[in-house]
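**Q** Residue numbers (the numbering used here), protein chains in the order written: chain D, 4 to 225; chain B, 571 to 981.
Just so you know, these hints were derived from the structure itself, not from any lab.
Note that CB positions come from ideal geometry on N, CA and C, so glycine has one too.
Watch out, some of these pointers could steer you wrong.
Ranges of calculated distance between the beta carbons of each label pair, as one might list FRET restraints [said to hold, decoys possible]: (1) Thr188(D) with Thr952(B): 29 to 39 Å; (2) Ser43(D) with Leu869(B): 44 to 54 Å; (3) His220(D) with Lys576(B): 44 to 54 Å; (4) Arg968(B) with Arg100(D): 20 to 30 Å; (5) Glu127(D) with Leu880(B): 31 to 41 Å; (6) Met884(B) with Asp176(D): 49 to 59 Å; (7) Lys576(B) with Arg131(D): 36 to 46 Å; (8) Ser76(D) with Val590(B): 36 to 46 Å; (9) His115(D) with Gln853(B): 52 to 62 Å; (10) Thr189(D) with Val590(B): 31 to 41 Å.
Part of the chain B face toward chain D, derived, beta carbon under 10 Å [to be verified]: (11) Arg580; (12) Ala584; (13) Arg588; (14) Pro699; (15) Arg713; (16) Pro714; (17) Arg716; (18) Thr887; (19) Glu889; (20) Ala891; (21) Asp902; (22) Pro975.
Chain B is nowhere near these chain D residues, computed Cβ spacing over 10 Å in every case [unchecked claim]: (23) Thr21; (24) Gln52; (25) Asn85; (26) Thr178.
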Amino acid sequence: MSAVLEARGLQRRYGGATLALAGADLVVERGQFVALVGTSGSGKSTLLQLLGCLDRPDAGTLHIDGEDVSRLSDDALARVRNRRIGFVFQSFHLLPRLRADENVALPLRYAHVPEATRLERARELLERVGLGHRTHHLPGELSGGQCQRVAIARALVADPPLLLADEPTGNLDSTSGREILELFTTLHAEGRTIVMVTHDPHVASFADRRVHLEDGHIVRET
Amino acid sequence: MRDLIKEAARSLAAHRARTVLSGLGILFGVAAVIGILSIGEGARREQEALIAQLGVLNVQITSTELPEEKEAKLEILRRTEGLSTRDVRAIVAMLPGVEHVGGSRVLEPDTLFPRPADRKGLRFVGVDPGHLAGSPFTLVSGRPLRQEDEKTTARVALLGEAAARRLFGRKRALHEWIRVDQTWLRVVGVVRTGTGGQTSMEGVTIQDRSGDVMMPLSTSRVVAPAKRGKAELDEIQVAFASVEDVVPGVDVLDRHLKRRHREQPVYELTVPLTLIAQSEAQQRIFNMVMGLIAGISLLVGGIGIMNIMLASVMERTKEIAIRLAVGASPRDIHRLFVMEACLISLLGGVLGIFAGFAVSWVVAWFTGWATSVSLQAVLLATVVSTLEGLVFGYLPARQAAQLQPAMAVRL
Ligand SMILES: Nc1ncnc2c1ncn2[C@@H]1O[C@H](COP(=O)(O)OP(=O)(O)OP(=O)(O)O)[C@@H](O)[C@H]1O
Ligand SMILES: [Mg+2]
């Protein structure tokens, strides 16, 4: 069985000068919980974006679920994001005009799942993250912690093999942050593969592996 | 597709004011197009009515008023006595390609029976049957005037529909008697003329003939003998056999009449065919200019949509990035924006069609022009406005589709 994620020599250069990522190698096996840690500006987000196919590397190769995604067209890459990857952002990134269940169902809309089916599935997932009673609320009517749970439900709705999160607790108070962290550990316990960026050592302590970045290099792993 | 329309409609509904404003340009453009086409269509119908009234094959030679001033009047009368039956005979003799020629004179009787409440619109004319033959009348009842009536100075009259109504009200006019000054005439027929009302074209007023009380020319001389110092005939109508004969025929006719009347300004020629040609040319220019204006306003409307859509792409960068991040392809984003543009312009188009009807109605109300909105105009407006959405939505949509999903993380 191949790794869920296999990155070789990933490089990303912004503008002319800054080499935000200088050749990262990372293999993540199914069911692992990996934390990306490092100081601000060390290239954590840059790496996660490349892993999540939100961005293209300037050099290196990337296999997700065994498929080489380095040379896919924009439209094909969109399919990979849609089916293989669930992304959770620091500031939730919900669409403000869509209800919670509609936000969760959004990835399925681009997978051409019929509306009734996808809303039903969205409600199941909201149920799972403990928001079964908030399906018809708009993001503006939800707390930060609730918004992040909606976002997690959205990342899970297409049942992707890989879950990526960039400081998912960064915008939350400690209570909500703890709840979100619990949710991730539960998901990990159920066998999900998770890669999470964090600079909080406590959060990182829940992970199987801690990958340390410094100035665009992976320096060590603990 | 349903998802797409719903999404687009939803985001338009969320920015109602912006949607309406950006659709406004299209609305005005379409309203202008429909209004202009309706004026053109109305003018075309009016022309058809005119042809029905005067006939394209006819030419009218009308006596002009002689000058008031005595010296000048005598000067003219010394050289010519104005239009007369001799002109009619001369035209018959010299002009080829002529079907009918006939003169007519207008009477101004003092007394009348039955006495109508209002004499306005009534006209008493002695007509040569040759004059009538060329006129596009349709017989409602009875018979037309005939050559025998002229020969026998028959005491008969042919009424236009309006004249019959004026004189006899609801009563049947046929076979009734009327008295014009001292002469009794029997109504032998009623006719319907081309149109009702007076029309004017290229500055020439075209008299409605519906109020005419017509009698044979010879009979009219019994009713009222020719006056000295006034032309014998008020009008001569020449009916040509075919359209090709009209223009060259008019040339010959004019030259001939000029010579006969020693270059005196005693007559005027009215040629419906050239009037129509002139008015058609003017109509074409009008259509072109107005069409250009309408086209420009549609263009401006489209640019308005593009402008507002481009601003909206900027503003919705985050939304677009989120959609991309969860798996929308650039093509999905492109479609969303094109769909929004199409919905805006279609909405503007539909409202514009209603506004166009209003414009057409208002123009008709204020100018008295006949306007008419054709089905083609409505279809054209719908198609054009939808196409505008496709065309002017393209650039903003491309802009939106070129955004990168990585932006989502930064925002
Ligand atoms: N879009 C961009 N354009 C230019 N430079 C960028 C861009 N994104 C990131 N960088 C640069 O790349 C480097 C790595 O940034 P990155 O966001 O990956 O750091 P990070 O480890 O996520 O930091 P933080 O913990 O503060 O989020 C930084 O020096 C940053 O300034
Ligand atoms: Mg970061």
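**Q** Kindly indicate which numbered hints from before are broken by the structure, ordering the numbers from low to high.
**A** Result: hints 1, 6, 7, 10, 13, 14, 15, 16, 17, 18, 24, 25 break, sorted rising.
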